[in-house]
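Relying on the hints, combine the two individually framed chains into one complex.
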Amino acid sequence: MSGQQFDNKIVQWIDDRLPVFSILKHSAVDYPTPKNLSYWWNFGSLAGVVLVIMLATGIFLAMAYAANTGLAFGAVEHIMRDVNYGWLLRYLHMNGASFFFICVYIHIFRGLYYGSYKAPRELLWAIGLVIYLVMMGTAFMGYVLPWGQMSFWGATVITNLFSAIPVVGDYIVTLLWGGFSVDNPTLNRFFALHYLLPFVILGLVGLHMVALHTTKSNNPLGIDAKGPQDTIPFHPYYTVKDLVGIGVFLLVYLAVVFFAPNFFGEPDNYVPANPLVTPPHIVPEWYFLPFYAILRAIPDKLGGVVAMFGAIIILFFLPWIDSSKVRSAKFRPIFKQVFWIFLIDCLILGYCGSQPPEGDIVVVGRIATAVYFLFFPTLWVLGKVEKPRPLPHSISAPVLKGGAAGHAAQPMEKA
Amino acid sequence: MRKFLTSTLAAALMAVAVPALASEGPKLEHQTWAWNGPFGQYDKAQLRRGFQVFREVCSNCHSMKLVAYRNLEYLGFSDDEVKAIAAEKQVQDGPNDQGDMYQRPARPSDRIVPPFPNDQAARASNNGALPPDLSLMNKARAGGPDYVYGILTNFKDNPPEGVTIPDGMYYNETFPGHAIAMPPPIADDLVTYADGTKATKEQIAKDTVAFLNWAAEPELDQRHSLGIKALIFVFVMTVLFYALKRKIWADVH
Numbered sequence: 075m076s077g078q079q080f081d082n083k084i085v086q087w088i089d090d091r092l093p094v095f096s097i098l099k100h101s102a103v104d105y106p107t108p109k110n111l112s113y114w115w116n117f118g119s120l121a122g123v124v125l126v127i128m129l130a131t132g133i134f135l136a137m138a139y140a141a142n143t144g145l146a147f148g149a150v151e152h153i154m155r156d157v158n159y160g161w162l163l164r165y166l167h168m169n170g171a172s173f174f175f176i177c178v179y180i181h182i183f184r185g186l187y188y189g190s191y192k193a194p195r196e197l198l199w200a201i202g203l204v205i206y207l208v209m210m211g212t213a214f215m216g217y218v219l220p221w222g223q224m225s226f227w228g229a230t231v232i233t234n235l236f237s238a239i240p241v242v243g244d245y246i247v248t249l250l251w252g253g254f255s256v257d258n259p260t261l262n263r264f265f266a267l268h269y270l271l272p273f274v275i276l277g278l279v280g281l282h283m284v285a286l287h288t289t290k291s292n293n294p295l296g297i298d299a300k301g302p303q304d305t306i307p308f309h310p311y312y313t314v315k316d317l318v319g320i321g322v323f324l325l326v327y328l329a330v331v332f333f334a335p336n337f338f339g340e341p342d343n344y345v346p347a348n349p350l351v352t353p354p355h356i357v358p359e360w361y362f363l364p365f366y367a368i369l370r371a372i373p374d375k376l377g378g379v380v381a382m383f384g385a386i387i388i389l390f391f392l393p394w395i396d397s398s399k400v401r402s403a404k405f406r407p408i409f410k411q412v413f414w415i416f417l418i419d420c421l422i423l424g425y426c427g428s429q430p431p432e433g434d435i436v437v438v439g440r441i442a443t444a445v446y447f448l449f450f451p452t453l454w455v456l457g458k459v460e461k462p463r464p465l466p467h468s469i470s471a472p473v474l475k476g477g478a479a480g481h482a483a484q485p486m487e488k489a
Numbered sequence: 007m008r009k010f011l012t013s014t015l016a017a018a019l020m021a022v023a024v025p026a027l028a029s030e031g032p033k034l035e036h037q038t039w040a041w042n043g044p045f046g047q048y049d050k051a052q053l054r055r056g057f058q059v060f061r062e063v064c065s066n067c068h069s070m071k072l073v074a075y076r077n078l079e080y081l082g083f084s085d086d087e088v089k090a091i092a093a094e095k096q097v098q099d100g101p102n103d104q105g106d107m108y109q110r111p112a113r114p115s116d117r118i119v120p121p122f123p124n125d126q127a128a129r130a131s132n133n134g135a136l137p138p139d140l141s142l143m144n145k146a147r148a149g150g151p152d153y154v155y156g157i158l159t160n161f162k163d164n165p166p167e168g169v170t171i172p173d174g175m176y177y178n179e180t181f182p183g184h185a186i187a188m189p190p191p192i193a194d195d196l197v198t199y200a201d202g203t204k205a206t207k208e209q210i211a212k213d214t215v216a217f218l219n220w221a222a223e224p225e226l227d228q229r230h231s232l233g234i235k236a237l238i239f240v241f242v243m244t245v246l247f248y249a250l251k252r253k254i255w256a257d258v259h
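Those sequence lines, one after another, are chains A and B.
Residues in the first sequence are numbered from 75 upward in steps of one, following the numbering used here.
Residues in the second sequence are numbered from 7 upward in steps of one, following the numbering used here.
If you're looking for bench data, these hints aren't it; they were derived computationally from the structure.
It is possible that some hints are incorrect.
Quick partial rundown of chain A residues pointing at chain B, CB under 10 Å, derived from the structure [unchecked claim]:
#1 Asp81
#2 Gly222
#3 Pro310
#4 Pro341
#5 Pro354
Even glycine gets a Cβ: it sits at the ideal position worked out from N, Cα and C.
Pulled out of the complex, with its shape left as it was, chain B reads as follows (with noise of 0.2 Å):
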């Protein structure tokens, strides 16, 4: 049993150690998020929240090119509400019978449609600068929902002695380089919850992370409570087969 423990504790080590990898840049405040944890899962209501600020604010200048309007009845909202909300934005569909591109509401198979044609008239419109698609972002950065919400929250008006920021550009305690090119976006009551949730700005910045999230790990919600039920199961199955091997072994020796 001794060296079975251990064989397992160097397998655990060698799988925690070897890929311990840095990661630079300042150091981010860990905040506490719904679905954290084994049994973490996401709060829909906070997530419907983040959705409104993604489509009043982000949303005019950050695509979000890999979720569908679909997606979104994940988030409490119905048929209709989906259909509605996907009917707001156009997009070019075609060739009809006459060979021409026509503009049709979109649709909820459609996926959310971006707010710049293409990434030339995006920086056209942005000073230069791309914003990128916010499918994925709270995968594609180290530190994830925290290094997102120290963006969205650790502007300074004025940069520390010694500091210079381009013209057009802005300081971030976050980012790296901390000269970044999106204004702070925002600010205490930038939008008005539906659910009549205070909107101090920590509140929806947190909000918004958790909608990015979401956007990034659809699967959250069903990967956590599968996972639970599999360990569960294949504990009990551990347990059995240590017990059979047990009883097999008993004559050997």
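Next up, chain A with everything else stripped away, as it sits in the complex (with noise of 0.2 Å):
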């Protein structure tokens, strides 16, 4: 990694004591990236992008807020007034943690239809999924912030749940509450919290980073890089590619920011929180639904909750789930589909968890959730019936017509 040579002597003098001009060298601009990645790679450095615009607009609005119960509502809307383009530092914020979840979901699925997770990347995996995890938490505890009505008892169901464990239970929400309901030292922790949990998750971005460079991106056709023909330096192909997609993803996200701010939020939540009142309908943000209706779905407590919750956990297990050896759907006709009805079952459950539980919507939510958890031993007996098409014999060789290759349903070989 060290050793490199740069023509400035002063980049130069600091290189040689701490070589953070070879590491940029060769993780950002030599890092060889397969030069088949399509559009659907650009996710992950949006999520990138997001995390950064988070950073920056949370930090200010830090500045003018107030963690108390009694000021919290005001100070956002002190915020919304009075703070010179406060308006526009929340509203990136606040939508931003809609569009953090865009890119992070579509980045999830991307990696599950081409196989991503599979070995060596299920440490990758494994790390982008407890990425998610913290994510959740801190969304979570983000909209309490405000201190609305959507927040208040938002948070009281969602920190309710924990009373489902046996034993430690009550003990558990006791200590998330700070006391014995959902007041001031909660939404102190919260923020507390709130503000820590960002930089957690830039230092699991580091490690994923660290992951993915060790065993290098995956891509469209599953298959490794054979050699220096199939791969091309990710500056400045990657670095351009990922600047149109920024582009383009600005262009959506400031839309909304600019002329739908209120698109994803709930109106409740502009009315001060009111322990005596509760909402008729309280929902959680969007990207908790398709688990809220897996939550519903349980007629049991505990088991909602297990289930729920089982529901990421069972993804960490997805790399030893899936029995077969070749990775991108493009070669396997039929978990093709069966990827697209996981997809399409993921959006009826977030669909079903936007609704009041009652009549169809229970039915169609408990069939729902049998669905997105059978999924996973489908894929297992899955690779072991299904017959792959044949495979690339590498990235630059174009697929030959007719499968005439001859190697039929090859399995990789390990890296």
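As structure tokens, then:
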């Protein structure tokens, strides 16, 4: 990694003592990247950009915010009305959370479709899931901070879930609340943690990058790069491609921020929190809705909580549940269809989570929950019975028509 | 390019489809508001008329605690006019050097003075019902301005058959549950507009809703005009990035 030669003497001097430039050159300039990455590979870097936007806007919002139940709602309105461009900071931050999840969900489903979780990228996948979990915690606590009706009641419902844990449940809930109901201590600790966790995410993103640069990027064909002819340096090829993605992303994100800033929000959260008035219909933020639906699908409190957390935990085991050695869905005709069913099922779950749990919604929610969990054993069976299409020899070699290559279902060699 | 488009489309679909949440209650009639759409801006004459209605009618019961008198300058009132509007109300200040609290006329830096000193006093004067603060009303209800317009205009003297409205309540088609404690607040010629606009019931309702929307989103004009500029900038930037990408990638494949 070190021992690079630089033209600039100052750069050279620094690099001989602290190889920051060598590290940058190694992992952001020369980093060999498969040359066939599609635009679906943009969403990782996009999520990183949103993380930076969230940190930058969040730090300035914190300067004008007050974590106190008597002041919080007014402090947010003070930001919206009196702080210079406070409305812009706050709308960027508030919608940034939604766009962070949009990027991460697309990133996760891309990994699922192209088998990016399979050997040797199991830990890369696991670290990504940990980032996702910490994101959920951060987003949940951030939503409490404006201290509107949905903040308060969302916090009450979600923290109460932990009371379902046998023996220690009530103790954990008291610890989360810092008392015996959601109140000022809750808001204070949520603010402290909401400020801390993004930096934890930043550290995890660092690990995610180290793991990525060790195993190298997967690609739409799902086969390993065989040599220099299959790869191109990250810079300028993927830096410029990421910039195109960032531009398109900003167009959508800023359009929402400037012209529909409350699109993802709940009107109820512009009513100050009132512990004596329960809103008729408590819903979490949209990115939690599929899990909310799973929670409500099980007619038992502990069972629901186990299923909800299980729905995420099971993803950690995906690399071992999926028994197929072929990564990309391009070469797995049956898996490709199963993937789309799973994706649609997640959207149906999200819809069920947004609706009051009455009538048909209950039935649909239960079926969709069953389909969600059936996806995993199906993957295991599929790897045993599915006959994959022939894999190309290399990224550079175009797939020969009619499978003339002759290597039917050749398993990838381990890296 | 096709893949690029599908990814963009999918991202947009995720953004739109996932939170397509249901709104309950009766259907709201969509009104055309001056500030609708990316190029929409407030009509300041309308905001001033709406403020007149608020000042003469709404503010007898409803507070607007998040808006300061100084904010009214945005509606086109001069410094002196704002001072005069504020000075109509008394606020408690103090303690002074003798340690006494005292009353003084409100100043432009004060928030709009509420009609009642606290919620209990508001309930006591309103048959037990609390008139909600109007600062964020247009953002705090599903349907926003259309909902508030519906509330103002959809009172019915006689509820439909089979519906009984408790004493001291009124039948309103838009209000969830239909029994609302607020008496019909507006009628034709309830106010005499300073600018000579004919004060029909609909006109009054529209002007009031416009003023309430400004109270809830005072940044909207600036947000819309800055948004157009930001999007044009990002669009040009993206086109340039795309051209650069095509050029750099020309030798790959």
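**Hints violated by the structure (listed by number, smallest first)** = 1
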